[in-house]
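**Q** Note that the protein sequences, when read in sequence, are chains D and C. Heads up: the first sequence runs through residues 1 to 84, numbered per the numbering used here. Heads up: the second sequence runs through residues 1 to 567, numbered per the numbering used here.
These are computed hints drawn from the structure, not numbers from a lab. Check the hints yourself; a few may be wrong.
[Claimed, not checked] Among chain C residues calculated to face chain D with C-beta under 10 Å, some are:
1) Ile-34
2) Lys-159
3) Val-160
4) Gly-163
5) Leu-210
6) Trp-237
7) Leu-353
8) Thr-356
9) Ile-513
10) Val-514
[Claimed, not checked] Here are some chain C residues pointing at chain D (derived, C-beta under 10 Å):
11) Ile-113
12) Ala-202
13) Arg-344
14) Leu-350
No residue lacks a Cβ here, since even glycine has one placed at the ideal position from N, Cα and C.
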Amino acid sequence: MTTKTREISIWFFIGVSLAVNGFLISVAGLYDFINPVAHPVVLARLHASLWWGLFLFVLGAFYCVQFSPLRHLSQEQSAESLKR
Amino acid sequence: MKIASYIFLTTRLVHLAPVDMAVILFYFLLVLSIGAYLKNKSNTSEDFFLAGREMTAWIAGLAFLSANLGSLELMGWAAAAYQYGILATHWYWIGAIPAMLFLGLVMMPFYYISKTHSVPGYLKLRFGEGSRILSSVSFALMTVLMSGINMYSMALVMKVVLGWDIHFSIWVSSITVAIYVVLGGLRSAIFNEVLQFILIWAGAMLIPILGLIEAGGWANLQRQVAINASAQYTHLWSTLGSCNANPMGIHWTGIVFGLGCIISFGYWTTDFLVVQRVLSAKDMRAAQMAPIIGAAFKMFVPFIVILPGLLALSVLPMKLTGEAMAVATGGHSYNEVLPLMLARYCGPGLLGLGVTALIAGFMSGMAGNVTAFSTVWTYDIYGALFNKHSTDEQKVRMGRWCTILGVLLSIGTAYLVMQFLSIMDYVQALFSFFIAPLFGTVILGMMWKRATPAGGFWGLLCGMTSSIALWAWVKLDPSALRYVALSPYAKDMAENMYRALWSWLVCVIVTVIVSLVTTPKPESELDGLVYGVTTMPIEAAVPLFKRPVFWAGVVCVVFAAFNIYFW
Numbered sequence: 001m002t003t004k005t006r007e008i009s010i011w012f013f014i015g016v017s018l019a020v021n022g023f024l025i026s027v028a029g030l031y032d033f034i035n036p037v038a039h040p041v042v043l044a045r046l047h048a049s050l051w052w053g054l055f056l057f058v059l060g061a062f063y064c065v066q067f068s069p070l071r072h073l074s075q076e077q078s079a080e081s082l083k084r
Numbered sequence: 001m002k003i004a005s006y007i008f009l010t011t012r013l014v015h016l017a018p019v020d021m022a023v024i025l026f027y028f029l030l031v032l033s034i035g036a037y038l039k040n041k042s043n044t045s046e047d048f049f050l051a052g053r054e055m056t057a058w059i060a061g062l063a064f065l066s067a068n069l070g071s072l073e074l075m076g077w078a079a080a081a082y083q084y085g086i087l088a089t090h091w092y093w094i095g096a097i098p099a100m101l102f103l104g105l106v107m108m109p110f111y112y113i114s115k116t117h118s119v120p121g122y123l124k125l126r127f128g129e130g131s132r133i134l135s136s137v138s139f140a141l142m143t144v145l146m147s148g149i150n151m152y153s154m155a156l157v158m159k160v161v162l163g164w165d166i167h168f169s170i171w172v173s174s175i176t177v178a179i180y181v182v183l184g185g186l187r188s189a190i191f192n193e194v195l196q197f198i199l200i201w202a203g204a205m206l207i208p209i210l211g212l213i214e215a216g217g218w219a220n221l222q223r224q225v226a227i228n229a230s231a232q233y234t235h236l237w238s239t240l241g242s243c244n245a246n247p248m249g250i251h252w253t254g255i256v257f258g259l260g261c262i263i264s265f266g267y268w269t270t271d272f273l274v275v276q277r278v279l280s281a282k283d284m285r286a287a288q289m290a291p292i293i294g295a296a297f298k299m300f301v302p303f304i305v306i307l308p309g310l311l312a313l314s315v316l317p318m319k320l321t322g323e324a325m326a327v328a329t330g331g332h333s334y335n336e337v338l339p340l341m342l343a344r345y346c347g348p349g350l351l352g353l354g355v356t357a358l359i360a361g362f363m364s365g366m367a368g369n370v371t372a373f374s375t376v377w378t379y380d381i382y383g384a385l386f387n388k389h390s391t392d393e394q395k396v397r398m399g400r401w402c403t404i405l406g407v408l409l410s411i412g413t414a415y416l417v418m419q420f421l422s423i424m425d426y427v428q429a430l431f432s433f434f435i436a437p438l439f440g441t442v443i444l445g446m447m448w449k450r451a452t453p454a455g456g457f458w459g460l461l462c463g464m465t466s467s468i469a470l471w472a473w474v475k476l477d478p479s480a481l482r483y484v485a486l487s488p489y490a491k492d493m494a495e496n497m498y499r500a501l502w503s504w505l506v507c508v509i510v511t512v513i514v515s516l517v518t519t520p521k522p523e524s525e526l527d528g529l530v531y532g533v534t535t536m537p538i539e540a541a542v543p544l545f546k547r548p549v550f551w552a553g554v555v556c557v558v559f560a561a562f563n564i565y566f567w
């Protein structure tokens, strides 16, 4: 989102949230994969934590990069230098 | 150690691992950080109450939907799906989609062109001060009361599911919402609502996916539900020919006319809680697209709400019951469907995300309530009755104090409900009294230039009064339900539909009669407020796929296809 003053996009915050949550969940999933628990959840053999966590992490990382405030800043700077 | 044992009581449905706590803690830190970051971007009243009218269609549309997607909405309708089957989906499809599209295509231009700050503000411009005061006072009162009820219900669920102390849940979540809304106003609420919307999907989507895998697909699920409950539970329309042919005890006329034409249009087009999000759009096209985007996503919400309820009928080994029976027998109630399914499939980490989705749902709903309350109070009560010439700075200051006041009143209501549980039923009924007549007043005001200020006021008042009278009649004499809902087999749900229909009709009839015998406003005063005397902005030459009407058409086609498939 672009506004009058330079503002960090909401999509960047969402990217951070998905990436951090995805990282935590996939690490927990990986730990469970290596050390199976005594009373697993239903369909534990599918390792949902691992792949869902990875999916969220990749999606979040994409949003972080795509809507990074630093990226927008450098794009603005290069556009200004081209004008000059 | 003592504090920890006080917060985490021993009786609970699920046990959280440290990684779950980390996910929940990170969520709280992030929403507070967003509030702190937006602190300096809400200095004017336009910024604080309408997010500077700078939101894109996507952000306004997702916030529009998220403000409605509270934790009670998630858990309540999952429970309803377990009780009534797929019929609960009507509240997401016919009970939402047509109204949302109507808001975007027909009503939004008037709200947007009139530059009103609120729905009562539109009534002031169209019908005068009387209608504005009546609607704003009732809306403000009901909003904080409903917010308190939602808060108590959420805290109760957290106690049952996680073993969290009720006071801890109420105060921590309320203070968090108060901080980020006071700091960043509507902009902060909207940013967090979009974040919460994404988290709700991320946390809840695995349940239907894994559930369908376990059940063996939709066809197997239907067979299993037919064995465990009834074949009626997986049909959307074919059982609505008679009140005694479906588990909800409702006729299709109640669903189509009561829910689809009145309640949903009343809620989605005149409840300021949701309309405020769309008013924050950056231009007219974004304001029209926002509800259409919301409608597109709304169509898929049953996937994470209704489907888990149906799956529970198929895969859960125990039978769920009503709250009273569950307490008496030590079993599980309908309201625990979603947490039970969460605990069934989600291991460490995922469980934390699922619980975060429930908390996020509650907080987005509460933020919606308090921002709408503070706007209506500041503009339509304080600005209209106490300080007609308030400066911009005074309005922002009042908005911030009102946010705190709204949160405190909600907390007070939550404690009141805790003491007198029956209040909950009364307040929920009270809220329904205003929605249907308000829609009658607003739609006549927008579409009929002959409607007069006196007609608008008396129509609204009589509509509300008739709704209260019908409710009281059934309360005092339960057998009256057969007359209100037109069937001896009608159940509670049918009463709400028909009461809305009758009160809307009373509102419309009184408005028309009074208008015909009173003097209308001159047409010059109706420009920007009424269809037929408003010069609508001409849409720039944009490609078809960028036009709101095209996307509304796409949503309509998918909506029709879903209804036919699940007929």
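**Q** For each hint, tell me whether it holds in the structure or not.
**A** Here is how each hint holds up against the structure:
no.	hint	result
1	Ile-34	6 Å, holds
2	Lys-159	23 Å, violated
3	Val-160	19 Å, violated
4	Gly-163	18 Å, violated
5	Leu-210	5 Å, holds
6	Trp-237	33 Å, violated
7	Leu-353	6 Å, holds
8	Thr-356	8 Å, holds
9	Ile-513	48 Å, violated
10	Val-514	45 Å, violated
11	Ile-113	23 Å, violated
12	Ala-202	6 Å, holds
13	Arg-344	5 Å, holds
14	Leu-350	5 Å, holds
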